[in-house]
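Colleague: Each chain is listed here by its residues.
Protein chains: 2
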Amino acid sequence: MSAGEEAAPAQPQKPEEQQQQQKPEENQVVEEKTEAAPAAAAEATEEQKPAAAEEAPAEPQQPEVTYKSLVLSAHGGYDKVKLQTKKGQPKPKAGELLVRVRACGLNFSDLLARQGVCDRLPSMPVTLGMECAGIVEELGEGVTDRQVGDKVMVVSRYGLWQELVTVPANRTFIMPEGMSFEEGAALLINYMTAYMIIFHFGNLRPKQSILIHMAAGGVGTAAIQLCKTVKDVTIFGTASASKHEALKESGVTHPIDYRTSDYVDEVRKISPKGVDIVLDPLGGSDTCKGYNLLKPMGRLVIYGAANLLTGQKKNIMALAKSWWNQFSINAMQLIASNKAVCGYLLGRLDDETELLADVVTTLLDLYKQGQIKPKIDSVYPFEQVGDAMRQMQEKKNVGKVILVPEVPKEEAKKEEN
Amino acid sequence: MSAGEEAAPAQPQKPEEQQQQQKPEENQVVEEKTEAAPAAAAEATEEQKPAAAEEAPAEPQQPEVTYKSLVLSAHGGYDKVKLQTKKGQPKPKAGELLVRVRACGLNFSDLLARQGVCDRLPSMPVTLGMECAGIVEELGEGVTDRQVGDKVMVVSRYGLWQELVTVPANRTFIMPEGMSFEEGAALLINYMTAYMIIFHFGNLRPKQSILIHMAAGGVGTAAIQLCKTVKDVTIFGTASASKHEALKESGVTHPIDYRTSDYVDEVRKISPKGVDIVLDPLGGSDTCKGYNLLKPMGRLVIYGAANLLTGQKKNIMALAKSWWNQFSINAMQLIASNKAVCGYLLGRLDDETELLADVVTTLLDLYKQGQIKPKIDSVYPFEQVGDAMRQMQEKKNVGKVILVPEVPKEEAKKEEN
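Just so you know, the sequences run in chain order E and L.
Position one of the first sequence corresponds to residue 1 (the working numbering), numbered consecutively onward.
Position one of the second sequence corresponds to residue 1 (the working numbering), numbered consecutively onward.
Treat the hints as calculated values from the structure; they're not laboratory data.
Careful, some of the hints might be misleading.
Heads up, the list lumps identical chains together, so a pair's fine if it works in one copy or across two of them.
Derived DSS-like pairs: lysine-lysine, alpha-carbon spacing no greater than 27 angstroms straight-line [what the hints assert, rightly or not]:
| hint | residue 1 | residue 2 |
| --- | --- | --- |
| 1 | K395 | K231 |
| 2 | K314 | K269 |
| 3 | K313 | K273 |
| 4 | K273 | K207 |
| 5 | K373 | K314 |
| 6 | K93 | K295 |
| 7 | K289 | K93 |
| 8 | K207 | K231 |
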């Protein structure tokens with residue numbers, strides 16, 4: 001996996017671009033501004049435009065390119081991701097594309113990265129963001145399978161919460177007809193994750209049962225839709241009670257309120273033998289509970305450590321507790337119980353270009369057939385990234401939280417009126 | 001899993017039959033005889049018949065039923081499984097069948113049980129044998145889906161190396177047209193194991209690669225045939241060099257001689273990234289090697305501990321070594337490597353009647369389509385059970401080792417000439 005460390009970081013952390021930053025007018029940070037109050041958002045963007053214009057008067061005949069970027073400059077709370085305006089047109093290198101970003105997805109990994117619970121980001125300051133959707137503006141040398149004007153979805157380990165990004169062409173996927181940029185920014189990571197944990201590791205088959213934690217979240221929503229593509233699957237889904245109606249509508253057989261009851265007891269009441277698959281994004285002691293809930297021949301898929309997120313900042317006690325309660329197992333125990341344990345982290349599959357492309361192809365077929373459709377919880381402008389992160393971290397969302405470089409049209413309309 | 005302890009032991013270890021043993025003429029051991037030399041086999045059966053007849057003169061108008069049974073009376077070497085002749089017609093209870101056994105399969109679990117490396121057998125003396133094929137002779141109360149004269153395959157945790165067995169009807173499966181009793185005795189355990197580890201846990205898909213240890217053995221042979229039902233699978237198979245020709249013919253892409261080379265090096269030479277699936281019947285340090293050989297998203301399926309079998313008797317050093325080298329893993333390690341570890345033991349799936357029946361139905365369909373066919377390595381009469389066990393334990397077999405209550409026809413013919 002160490003080879004993965006070198007793979008495909010998104011613009012602008014590459015050496016070449018760092019050199020560009022030496023030039024005074026290019027890729028230079030001209031402003032930092034992030035607003036927490038929604039009402040201030042539209043004003044904030046208005047303020048930036050003149051500010052950027054003032055600082056770039058050197059070549060008036062060739063208007064200076066500026067673009068917004070959400071940069072993490074110190075680990076900590078919601079306020080640590082700051083909006084910056086960068087200057088200078090980024091140039092795609094050989095095999096890369098320049099993409100104008102129209103929408104970005106939020107993921108748990110972004111929240112963990114902000115807190116510093118992530119070992120694979122370059123040193124700060126660093127632009128966060130693992131997925132986005134936008135329009136191809138320029139092709140790097142040798143790129144033949146994309147065209148300027150193509151609408152694409154992009155996946156990367158970081159760097160995509162930015163108006164302009166340069167990315168390897170093989171990390172981009174053409175959006176199908178009729179897909180919105182918000183949907184495009186909501187599809188890749190959640191659905192790739194859900195697909196691979198359910199079908200490659202979980203091996204879900206007709207008549208089986210599955211427990212989905214955080215069923216109303218991004219991966220949860222994707223997982224439910226994908227489970228519905230298999231016949232007669234019983235879905236147990238945990239979420240707070242207020243989301244149960246939405247879960248039932250989306251196909252969850254048994255919604256469980258994990259805040260007021262023990263989900264293990266609730267599952268056992270309905271299915272005394274347990275379930276065939278547990279998807280575990282929580283970690284810590286929940287992993288052990290999940291393992292014990294498996295039927296014989298059951299599969300536990302661990303794909304996250306959301307239990308580490310207990311507040312805005314890195315919680316040493318939560319880390320220690322998760323470490324202390326970390327699930328560990330040996331060969332004899334596995335054999336004696338006829339069970340499987342799988343670990344999944346999309347961020348460490350950088351090199352598996354072909355595998356990931358196959359998965360996306362399958363997902364796009366399912367999208368075109370109407371079998372999957374990303375559910376958008378909310379759309380925040382870059383200026384409100386703090387609120388967006390809070391929405392997700394406090395688990396208020398039903399579906400995907402999206403960031404957009406521009407104020408969303410509806411918001412802008414409201415501002416105009 | 002503890003409920004499994006109570007499930008479905010085969011005749012004659014049940015309380016009711018133990019009561020029958022109180023009666024002097026029924027189920028009584030009248031003789032012990034096991035011959036190691038093949039030449040003596042036919043003579044041995046000849047000798048038994050008059051001996052059994054002499055000891056049952058009480059009711060001459062109703063000839064005494066006798067039947068052979070292979071009984072383990074002390075843990076140890078090949079000579080610890082002894083041929084006994086039991087007396088008295090066993091009676092099937094409600095839900096059971098009486099089956100006249102025509103062929104039995106040998107499995108690694110039988111060898112481990114003989115050495116005492118097995119915690120789930122009743123106390124000795126105990127009849128070994130986990131699978132057989134034969135003809136239904138009598139139906140217990142309430143059995144409606146079997147008829148006298150049906151040819152059936154039977155699976156149980158023990159007790160089937162015997163001429164007459166009473167077994168729960170739901171542990172029997174009707175043999176398809178044209179299947180020999182030897183094939184019937186070779187199918188269930190090896191193919192159920194191979195099917196479940198490859199498809200339920202391994203989740204083999206087209207274009208993937210798999211490493212099969214002991215590829216010429218019973219499970220190995222079944223695994224190769226099942227892998228061939230999936231398109232473009234690359235099969236690595238370990239076996240000693242003398243078996244490589246047979247492996248190539250059966251569909252192994254890359255036979256590897258584990259005795260003269262390091263199989264890890266050999267696999268890496270051909271596939272530097274490793275394989276998608278490793279089937280591990282070995283245990284100990286080989287489990288760790290298997291895990292390291294996995295590609296990202298790879299699955300390791302541990303289904304045995306053949307490394308414990310180093311000689312005729314239980315080897316404390318081998319046990320200690322396997323324990324010391326036992327594979328152990330935690331959640332973080334699994335996530336960071338995108339891998340899955342599964343444990344499988346058919347003997348602990350007693351209660352999963354429906355699951356096992358589904359698997360057998362699929363296997364019989366594949367058999368009828370000619371996609372799988374048990375490969376018989378050799379057929380030994382009960383009298384030569386020691387030789388049969390040696391053949392398997394010394395890994396001389398290519399395919400399944402079979403035991404039959406009668407001297408095989410060809411052997412008998414030779415004796416006659």
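Colleague: Confirm or reject each hint.
Modeller: To see whether the hints hold, each was checked on the structure:
no.	hint	in the structure
1	K395 to K231	neither (30 angstroms within a copy, 43 angstroms between copies)
2	K314 to K269	neither (36 angstroms within a copy, 44 angstroms between copies)
3	K313 to K273	neither (39 angstroms within a copy, 38 angstroms between copies)
4	K273 to K207	within (14 angstroms within a copy, 35 angstroms between copies)
5	K373 to K314	neither (33 angstroms within a copy, 59 angstroms between copies)
6	K93 to K295	neither (51 angstroms within a copy, 30 angstroms between copies)
7	K289 to K93	neither (48 angstroms within a copy, 40 angstroms between copies)
8	K207 to K231	both (6 angstroms within a copy, 26 angstroms between copies)
The structure is inconsistent with the numbered hints 1, 2, 3, 5, 6 and 7, although it conforms to all the rest.
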